[in-house]
Every structure is written in structure tokens, then in C-alpha cells.
Amino acid sequence: MKLFLKEHVPFTIFYFLQLFLICLICWLDGFTHLFTLLYACLLSTALYISYLVYRYVSHRDFYMRLSPPALQPEELMSSSQRSPLTKALREFLSSQFEQFHNKLYASEHQLNKQITFINQWVHHMKTPLSVIHLTIQDQDDPVFTSIQDEVDRIQKGLETILYTSRLSVFSHDFQAESISLSQFVKDVCSSHKRLFIRNRVYPSIEVDAQAVIASDEKWLAFVLTQLLTNAVRYSANISQTVAISSYKRGKQLVLEIKDFGIGISPQDQKRVFNAYFTGENGRKYQESTGMGLYLVKEICKQLNHRVELDSKQGVGTSVRLVFQQNLADSSLRKRPL
Amino acid sequence: MFKILIVEDDPKIACLLEEHLHKYGLEAQSVKSFDTILNEFQEINPHLVLLDVNLPKFDGFYWCRQIRALSTCPILFISARDGKMDQVMALENGADDYITKPFDYDIAIAKINSHLRRAYGSYAANKQERIIRIEELTLFPERLTLEFNCKTVELSHTESKIIEALIEKAERVVSRDKLLEKIWDDQPFVDENTLNVYMTRVRKKLKDIGIEKAVETIRGTGYIFHAARGLKR
Numbered sequence: 001m002k003l004f005l006k007e008h009v010p011f012t013i014f015y016f017l018q019l020f021l022i023c024l025i026c027w028l029d030g031f032t033h034l035f036t037l038l039y040a041c042l043l044s045t046a047l048y049i050s051y052l053v054y055r056y057v058s059h060r061d062f063y064m065r066l067s068p069p070a071l072q073p074e075e076l077m078s079s080s081q082r083s084p085l086t087k088a089l090r091e092f093l094s095s096q097f098e099q100f101h102n103k104l105y106a107s108e109h110q111l112n113k114q115i116t117f118i119n120q121w122v123h124h125m126k127t128p129l130s131v132i133h134l135t136i137q138d139q140d141d142p143v144f145t146s147i148q149d150e151v152d153r154i155q156k157g158l159e160t161i162l163y164t165s166r167l168s169v170f171s172h173d174f175q176a177e178s179i180s181l182s183q184f185v186k187d188v189c190s191s192h193k194r195l196f197i198r199n200r201v202y203p204s205i206e207v208d209a210q211a212v213i214a215s216d217e218k219w220l221a222f223v224l225t226q227l228l229t230n231a232v233r234y235s236a237n238i239s240q241t242v243a244i245s246s247y248k249r250g251k252q253l254v255l256e257i258k259d260f261g262i263g264i265s266p267q268d269q270k271r272v273f274n275a276y277f278t279g280e281n282g283r284k285y286q287e288s289t290g291m292g293l294y295l296v297k298e299i300c301k302q303l304n305h306r307v308e309l310d311s312k313q314g315v316g317t318s319v320r321l322v323f324q325q326n327l328a329d330s331s332l333r334k335r336p337l
Numbered sequence: 338m339f340k341i342l343i344v345e346d347d348p349k350i351a352c353l354l355e356e357h358l359h360k361y362g363l364e365a366q367s368v369k370s371f372d373t374i375l376n377e378f379q380e381i382n383p384h385l386v387l388l389d390v391n392l393p394k395f396d397g398f399y400w401c402r403q404i405r406a407l408s409t410c411p412i413l414f415i416s417a418r419d420g421k422m423d424q425v426m427a428l429e430n431g432a433d434d435y436i437t438k439p440f441d442y443d444i445a446i447a448k449i450n451s452h453l454r455r456a457y458g459s460y461a462a463n464k465q466e467r468i469i470r471i472e473e474l475t476l477f478p479e480r481l482t483l484e485f486n487c488k489t490v491e492l493s494h495t496e497s498k499i500i501e502a503l504i505e506k507a508e509r510v511v512s513r514d515k516l517l518e519k520i521w522d523d524q525p526f527v528d529e530n531t532l533n534v535y536m537t538r539v540r541k542k543l544k545d546i547g548i549e550k551a552v553e554t555i556r557g558t559g560y561i562f563h564a565a566r567g568l569k570r
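For the record, the sequence lines run as chains B and U.
The first sequence finishes on residue 337 if you use the numbering used here, and the numbering steps up by one all the way, no holes.
The second sequence finishes on residue 570 if you use the numbering used here, and the numbering steps up by one all the way, no holes.
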């Protein structure tokens, strides 16, 4: 209604101006029958108003649809009115809508194809990696040790690709379960024993053996791996320990991964969770892709855990994963193995 | 001797696995043609099957169902696919376990052994006890004992692993890294000192059965087991 009135303000002004002009001409011409003139004006105005009413009634839908902007696209399409403007608008909208829909579907399809391709490719690459891994496993020559290091790095890279592409379809790939925290930490650490040994950095684990959390083991393992890799990488040659501990904070359970390495400079700290951000440390160390902590943050968001990071340059970094615990404590028992 | 059938389309992995299983006293055989897996299965009649998921023509899940129709032998999947769904599919189709590539020999062997044990009785039934011998020195890794000149000493699990690694690489350097890797699974808090402590204990155990100066420390690198020098009577 408001829109309709607004649109017709110039028209109304124009109409009255014109009416006034005609009256003026008649009067100057010497036409003195004031009442006839007024009657003519009244008649004309009545006609004018009825036109407006007709116009409003026939285009009501059109105006209604335009006034509150955020409607569902499907609702915009449905209309029973047949005035030319409404019809034209409907046709225009639906053709636009269809076009965008098609484009959207096409790019969605393209993206899915891409993801499938990448996943397939990563799995294909794992086979040659397995062959190298198996071939050199029993060799003791230092050359093979360094090849093994590179194999581990490639494998880690491939995992990152997989997890990044899986993140977009997180809900299909998520399964909450109750996990014994200490066992979980031990398992993750021992599956990366080579990382620790090669860098001469060793984990000291002080995790409450009773602690149980609700989470997805696979995703959480990726998160912990990422944090451990960072911790080890930035404390190699500086410190020998990465401390992994757990403690309670009110109703929450905190898992802290603390290293005593180079730390992160204050200006970088706020941005470490951004994608592709490598910062000062990233430039000093070759392998940084800037994706690790970004993925950690994204995954934790999906898993509903909080991540906290604080760091002092030259002293070390500690990252804390905060789990909501009230659930796990009472009702869920450790899963029987 | 247990027979193991390997269904893996990458010839190198199949070959490496075969060799390694032989080392552990298991008879391994790879499938020759992927058209006739079932026939080969019936011919060989293995005690255990290692099965890849991605295979030419039909996938591993299909073959797993086919084998299950004939036999109840343990079936272990080996695949690069590490999705939860794949593992669930494997188990639903009748598999007993799932190993993701790339894997360590240790893990594969441990899983194979545990399934063999469960399916065909304990190790006692398996007459093939693993024995590692160098001249007069004999290690029984499953009994955790070490024998030399009729003298026997009991070992801990970790000590046995260290001695095994040293004997297998006798006269060559075994790096500290390798040893640390070996003992990691038994020890939650591994660091450089842990290894030093264990090396001291190993030396003492060796001394108990009359072997001295067999283990030489190579500073910064690792250890050498001198069989010729150490095992003199």
C-alpha cells in the first residue's frame, strides 16, 4: 500500500496541476459558472480515484510482493493475478530463478566431481606410498631414514587434503562416541612415534585415566595430530618435551598441549587460525601451509569443542581443547573394547 | 604352517607382504588372476585371507561375501580407504578386521597373528615357535627368554624387542631411532633416557649368561651387536 501510494505521488501531483491549469484557463476565458467548473472537477477526481482503486486492486499482489523483500524464491513465483505487469514480472523472475538455479546446480555438481576426484587421487597415491613404506621399513641405512621422513610428510599432506575436502560434507562423516581421553592421547602419540623420535622431542602425558569425552575419534585424532606436529616442529632443537595434560575447569574438561619451543609472535597470534596464514614461523619453517590450525578451528567448531591458544615468543605455546563434560561424566561410560 | 592368501592388485605390495610373512613363518601366496579368486581360494584353502578393497572387476566387499559363503576363515581387509563407511561395509560383508594403508609390518603381523590365534587356538597349538638364533645365542621372543651355553635368563617384553633388533642386525649399527621405535609401544614415557636405561638392563642380562662386551655403543648413532667378539666362550 505504502509503495503503491509512493509510486503514485508524482502522478497525483501531475493530475491536480493539470486540473488546476484547466480551471485557470476556463476562468481567464471568462467562464463564470463556478459550480459547473467545480462539478467537473469533482467528477474528474472521482474518476481519478476509481482508476487508482482499480489499479491498486489489480496490482495488489505485485506491490505486496515487492514490499517485504526477503521471501522464499518459490513464493515469488506463485501468483494468480493476470495483469500484464504482474505476469511479466512473474515470468521474468522465474526465468531468472531458473537460470541461477541451473548455474548453482552446475557448479555444485562440478565441485562434487572435483572432491570425488581428489579423494580418489589421494587414495591412489597412498598405494605407491605404501610400497615405499614397506620397502624401506626394515632398512637401517640413514638414507632410508630420511626417505621415511619424506614419506611421512607426504602422507601427512595427503591426510590434510582428505580432511579439508571432507570438511564440507562434515555431517555425513561424523559419529559421536564416548572416548577415553588418556587411551586416545596415547594411541595418537604412538601412531606418530617416528615424528617424536626423529625430532628428539618426546611427549610427557599426564591425562586423567578416568576422563571420558564425547566426540568423533577420527576427526579429533586429526586435530590432535595437527597440534602435536606443530608442537614438535616448533620445539625441535630447543626443547625435548611436549607436555600433554588434562584438567577440569568447572564443568569442562581441558586437554592442554604445551610445548616449550619458539612460540608465536604477538601480532601473529590473532591470525594463526586463519586459512593460509603462515606468519613469521611459517616463513622460517618450510612445511607450513597455513591450513593446519585453520582446520583445527573448523573441525572443533563442528565438533562443538573450543580451542584456546596462548603463546609467548621464546617461551612456548600452549593450545587447549575444551570439552563440555557434563554429559560424559554421568551417563556415558567408557565404551567396552 | 598357516597358509595366507593375499588378494592385492598392486604386485609390489603383494610381493613385499609375501616376503615378510615368510619371515614370520607363515606361508603366503598371492592371487594370480582376479577373475578366478574363488577357485584359487578353494585350491589353496588358506587359514586367513588378506583382501584389498579396490580390485579389478569386483571390489573386495564382493569377494568377501563370496568367500564367506564357503568358509569361516578370518578375512582381513587392507585398504587405502580409511572412511568409517568402508570399515563398516567391510565388517558387514563378513570381514574380521580392517588395516589402512600405509601400514607397518608390525601392525599387520600382530593383527594376523591375533586372528590366527583366535580362530585356530593359542600359540601352543602352533608348533612353529619363532626362534632367533645367532651361533650359540638363542632368543625365544614368545617365551621371553634368552639362552646361551645352557644358561637361561628371563627378559621383559621391551628387553626382548631390543635384543631381537640387535641380533637381527648383528655386526651392523642399529640406530637409536629404530630402537626407540621398537620399544615405544610398551612404554608410555619414552625418551632418550628410557633407551639408556633399557640398554643398561640388556647389557646386564647378557652379562648374566656370560656375554660381555658384545654390545658396542656408537656415540650419537646407535649400537652394534658383535656376535663374533661377544659370543666367545
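No wet-lab data here; the hints were simulated from the structure.
Check before you lean on any hint, since a few could be wrong.
[Claimed, not checked] Cut-off 30 Å, straight-line C-alpha distance, at most; resulting in silico cross-link-like pairs (BS3-like, lysine-lysine):
# : chain 1 : residue 1 : chain 2 : residue 2
1 : B       : Lys-218   : U       : Lys-519
2 : B       : Lys-156   : B       : Lys-103
3 : B       : Lys-218   : U       : Lys-515
4 : B       : Lys-113   : U       : Lys-541
5 : B       : Lys-6     : B       : Lys-113
6 : B       : Lys-186   : U       : Lys-394
7 : B       : Lys-193   : U       : Lys-506
[What the hints assert, rightly or not] Anything over 12 Å on all C-beta distances counts as not near chain U; from chain B, calculated:
#  : residue
8  : His-8
9  : Phe-35
10 : Val-122
11 : Ser-168
12 : Lys-186
13 : Phe-196
14 : Cys-300
[Stated by the list, open to error] Here are some, though not all, of the chain U residues that point toward chain B, as calculated from beta-carbon distances under 10 Å:
#  : residue
15 : Arg-402
16 : Ala-406
17 : Ser-416
18 : Arg-418
19 : Lys-498
20 : Glu-529
Cβ atoms here follow ideal geometry from the backbone N, Cα and C, with glycine treated the same way.
Evaluated hints:
{"no.": "1", "hint": "Lys-218(B) / Lys-519(U)", "in the structure": "holds (25 Å)"}
{"no.": "2", "hint": "Lys-156(B) / Lys-103(B)", "in the structure": "violated (35 Å)"}
{"no.": "3", "hint": "Lys-218(B) / Lys-515(U)", "in the structure": "holds (27 Å)"}
{"no.": "4", "hint": "Lys-113(B) / Lys-541(U)", "in the structure": "violated (62 Å)"}
{"no.": "5", "hint": "Lys-6(B) / Lys-113(B)", "in the structure": "violated (50 Å)"}
{"no.": "6", "hint": "Lys-186(B) / Lys-394(U)", "in the structure": "violated (40 Å)"}
{"no.": "7", "hint": "Lys-193(B) / Lys-506(U)", "in the structure": "holds (21 Å)"}
{"no.": "8", "hint": "His-8", "in the structure": "holds (62 Å)"}
{"no.": "9", "hint": "Phe-35", "in the structure": "holds (90 Å)"}
{"no.": "10", "hint": "Val-122", "in the structure": "violated (8 Å)"}
{"no.": "11", "hint": "Ser-168", "in the structure": "holds (15 Å)"}
{"no.": "12", "hint": "Lys-186", "in the structure": "violated (6 Å)"}
{"no.": "13", "hint": "Phe-196", "in the structure": "violated (8 Å)"}
{"no.": "14", "hint": "Cys-300", "in the structure": "holds (19 Å)"}
{"no.": "15", "hint": "Arg-402", "in the structure": "violated (22 Å)"}
{"no.": "16", "hint": "Ala-406", "in the structure": "violated (28 Å)"}
{"no.": "17", "hint": "Ser-416", "in the structure": "holds (8 Å)"}
{"no.": "18", "hint": "Arg-418", "in the structure": "holds (6 Å)"}
{"no.": "19", "hint": "Lys-498", "in the structure": "violated (13 Å)"}
{"no.": "20", "hint": "Glu-529", "in the structure": "holds (7 Å)"}
Hint compliance for this structure: hints 2, 4, 5, 6, 10, 12, 13, 15, 16, 19 are not met, and every other hint is.
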